[in-house]
Amino acid sequence: MNTDAIITMIIITGIVWGGLVFLVVYAMRKEKDKTRE
Amino acid sequence: MMIAMLGMAVGTGNIWRFPRIAATNGGGSFLIPWIIFLFIWSIPLIITEFALGKAMRQGPVGAFQRLIGKKYAWMGAWVAFTATAIMFYYSVVTGWCLRFVVASVTGAIPGSKPGAFWLSYEGSLSSVLTHGSAILIATFVVFRGVKGIEKASRVLIPSLVVLLIVLAIRAVTLPGAERGLNFLFTPDWNALADVQVWLQALTQNAWDTGAGWGLIVTYAVYMRVHEDTTLNAFILGFGNNSISLLAGITVLCTIFSIQPDAASSIVGAGNNGLTFIWIPQLFKQIPAGQVFMVIFFLALLFAALTSLISMVELVTRALVDRGLNRKRAIVTVGLAGFVFGLPSALSPDFFTNQDAVWGIGLMVSGLFFSLAAIKYGLERFRNSFINPSGDILIGKGWNVMMYVVMVEAVILLVWWLSQTISDNGLWDSLNPWSSWSLGTVIVQWSIVLACLIIFNPYLVSNKSPRTTDEH
Numbered sequence: 001m002n003t004d005a006i007i008t009m010i011i012i013t014g015i016v017w018g019g020l021v022f023l024v025v026y027a028m029r030k031e032k033d034k035t036r037e
Numbered sequence: 001m002m003i004a005m006l007g008m009a010v011g012t013g014n015i016w017r018f019p020r021i022a023a024t025n026g027g028g029s030f031l032i033p034w035i036i037f038l039f040i041w042s043i044p045l046i047i048t049e050f051a052l053g054k055a056m057r058q059g060p061v062g063a064f065q066r067l068i069g070k071k072y073a074w075m076g077a078w079v080a081f082t083a084t085a086i087m088f089y090y091s092v093v094t095g096w097c098l099r100f101v102v103a104s105v106t107g108a109i110p111g112s113k114p115g116a117f118w119l120s121y122e123g124s125l126s127s128v129l130t131h132g133s134a135i136l137i138a139t140f141v142v143f144r145g146v147k148g149i150e151k152a153s154r155v156l157i158p159s160l161v162v163l164l165i166v167l168a169i170r171a172v173t174l175p176g177a178e179r180g181l182n183f184l185f186t187p188d189w190n191a192l193a194d195v196q197v198w199l200q201a202l203t204q205n206a207w208d209t210g211a212g213w214g215l216i217v218t219y220a221v222y223m224r225v226h227e228d229t230t231l232n233a234f235i236l237g238f239g240n241n242s243i244s245l246l247a248g249i250t251v252l253c254t255i256f257s258i259q260p261d262a263a264s265s266i267v268g269a270g271n272n273g274l275t276f277i278w279i280p281q282l283f284k285q286i287p288a289g290q291v292f293m294v295i296f297f298l299a300l301l302f303a304a305l306t307s308l309i310s311m312v313e314l315v316t317r318a319l320v321d322r323g324l325n326r327k328r329a330i331v332t333v334g335l336a337g338f339v340f341g342l343p344s345a346l347s348p349d350f351f352t353n354q355d356a357v358w359g360i361g362l363m364v365s366g367l368f369f370s371l372a373a374i375k376y377g378l379e380r381f382r383n384s385f386i387n388p389s390g391d392i393l394i395g396k397g398w399n400v401m402m403y404v405v406m407v408e409a410v411i412l413l414v415w416w417l418s419q420t421i422s423d424n425g426l427w428d429s430l431n432p433w434s435s436w437s438l439g440t441v442i443v444q445w446s447i448v449l450a451c452l453i454i455f456n457p458y459l460v461s462n463k464s465p466r467t468t469d470e471h
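Chains as they are written, first to last, in my numbering: chain A, 1 to 37; chain B, 1 to 471.
Check each hint, because a few of them may be wrong.
Some chain B residues close to chain A (C-beta under 7 Å, calculated; not the full set) [stated by the list, open to error]:
id : residue
1  : I35
2  : I36
3  : F39
4  : V161
5  : L163
6  : T186
7  : P187
8  : W189
9  : A191
10 : S242
Hints are computed from structural coordinates only; laboratory data are not their basis. If you're wondering where the values come from, they're calculated on a predicted model, not measured in any experiment. We put the beta carbon where it would ideally sit given N, CA and C, even for glycine.
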């Protein structure tokens with residue numbers, strides 16, 4: 001793979017997949033806090 | 001509710017349309033505007049739609065009418081019409097999924113020559129039959145209730161995601177797969193000066209996430225008052241784009257592994273069947289591929305069906321809001337869906353035309369949502385409809401985003417108009433009979449807009465909306 005493709009792939013997948021993982025973890029923690037209350 | 005919405009949004013838009021549009025528009029150059037539009041188009045609009053549906057408890061036509069007044073009901077009707085026009089050919093795509101389930105069971109795919117089965121099927125009478133079956137199933141489900149489909153979707157949509165992950169891993173480990181990754185991720189900065197890339201990136205992001213379709217408004221009608229809309233909006237946006245990216249990597253790595261010089265043949269129009277042609281070839285490369293292929297197409301069929309069902313529900317809801325009996329409304333939608341989907345089932349050119357015209361129509365729908373929120377008062381909208389039910393409070397950034405959405409739509413429309421005319425000349429650009437031209441878009445949009453504005457008084461409903469937390 002060329003360098004441009006590697007950099008773009010890291011940025012795009014990092015934003016999209018990283019963002020999704022962050023949101024799912026955040027939502028689960030929020031749900032857990034709610035059930036604890 | 002969230003699973004139902006993901007079912008609505010995760011569909012063929014991610015698996016069939018994204019790889020095709022990304023490939024057609026140059027791969028890497030397309031991804032940059034596509035990701036930008038997730039933040040400055042789709043997510044702000046999804047938040048708006050959730051809030052609007054929950055607050056107004058009516059479909060798009062009634063919601064616009066209640067928000068900004070009776071004389072603007074036509075704006076909501078445009079949103080509903082665009083989703084309806086997409087439904088006409090979406091039913092054809094759902095039919096394709098149905099045909100590929102059968103073909104994978106009978107072993108008709110994968111053939112020795114990629115694309116042979118697709119070419120014998122696209123635009124044939126068999127395509128009409130599967131289109132009719134798809135709209136019949138969707139109408140029947142809306143008629144009888146969505147419980148069975150919801151249960152099946154709970155299993156099949158996660159299995160589709162798992163299968164897609166497995167397929168993506170296999171695809172990137174194929175010999176020569178890096179050519180596909182290079183194609184998908186290498187940006188050609190010069191291509192960013194082409195309005196088509198931006199236009200298609202916005203349209204595809206709206207297709208992926210369901211932003212501006214009015215479907216989220218319809219779903220939000222049934223949401224509990226205290227359900228968090230902001231977090232849901234973010235998860236919906238990111239979840240959908242994640243699936244699209246996975247599908248793009250899978251399809252393009254497979255294509256470039258089997259056909260190293262594919263770049264010249266997949267860039268440009270006429271690649272409606274990209275996913276349907278190449279995914280079966282990938283299943284050839286994995287153990288028990290035939291079994292997994294049946295599961296894949298079955299899951300894809302269910303993903304497509306859940307989206308089609310939500311479109312049938314949206315149109316039905318709009319007719320019921322206008323006072324039509326629900327049963328009659330469903331039958332009307334089913335019949336109209338079959339009849340108006342026929343040209344797309346029979347003619348790939350007509351299909352391409354409708355996908356282009358109403359895909360970009362979503363941009364106008366998004367523009368109308370932003371205008372409605374601006375007219376109502378952004379501060380008032382945010383404080384009354386968005387923030388009261390959210391765990392995450394939305395700040396003034398959303399107000400700014402609504403203006404950004406409006407400016408984006410106007411700039412893209414003007415840029416597209418001027419670039420098309422300067423590239424192709426005035427008369428060629430305005431040819432309304434071309435499968436893809438400025439003229440065909442202007443003529444079809446103008447006819448629909450004129451009808452909706454003229455008949456606006458008949459669109460207005462005096463029915464009271466649901467005001468209680470019924471579901």
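Against the structure, the hints come out as follows:
1. I35: holds, 6 Å
2. I36: Violated. Min distance 10 Å.
3. F39: violated, 9 Å
4. V161: Cβ of V161(B) sits 11 Å from chain A, so the hint is violated.
5. L163: The hint is violated - L163(B) has no Cβ within 7 Å of chain A, the shortest such distance being about 17 Å.
6. T186: holds, 4 Å
7. P187: holds, 6 Å
8. W189: violated, 10 Å
9. A191: violated, 13 Å
10. S242: holds, 5 Å
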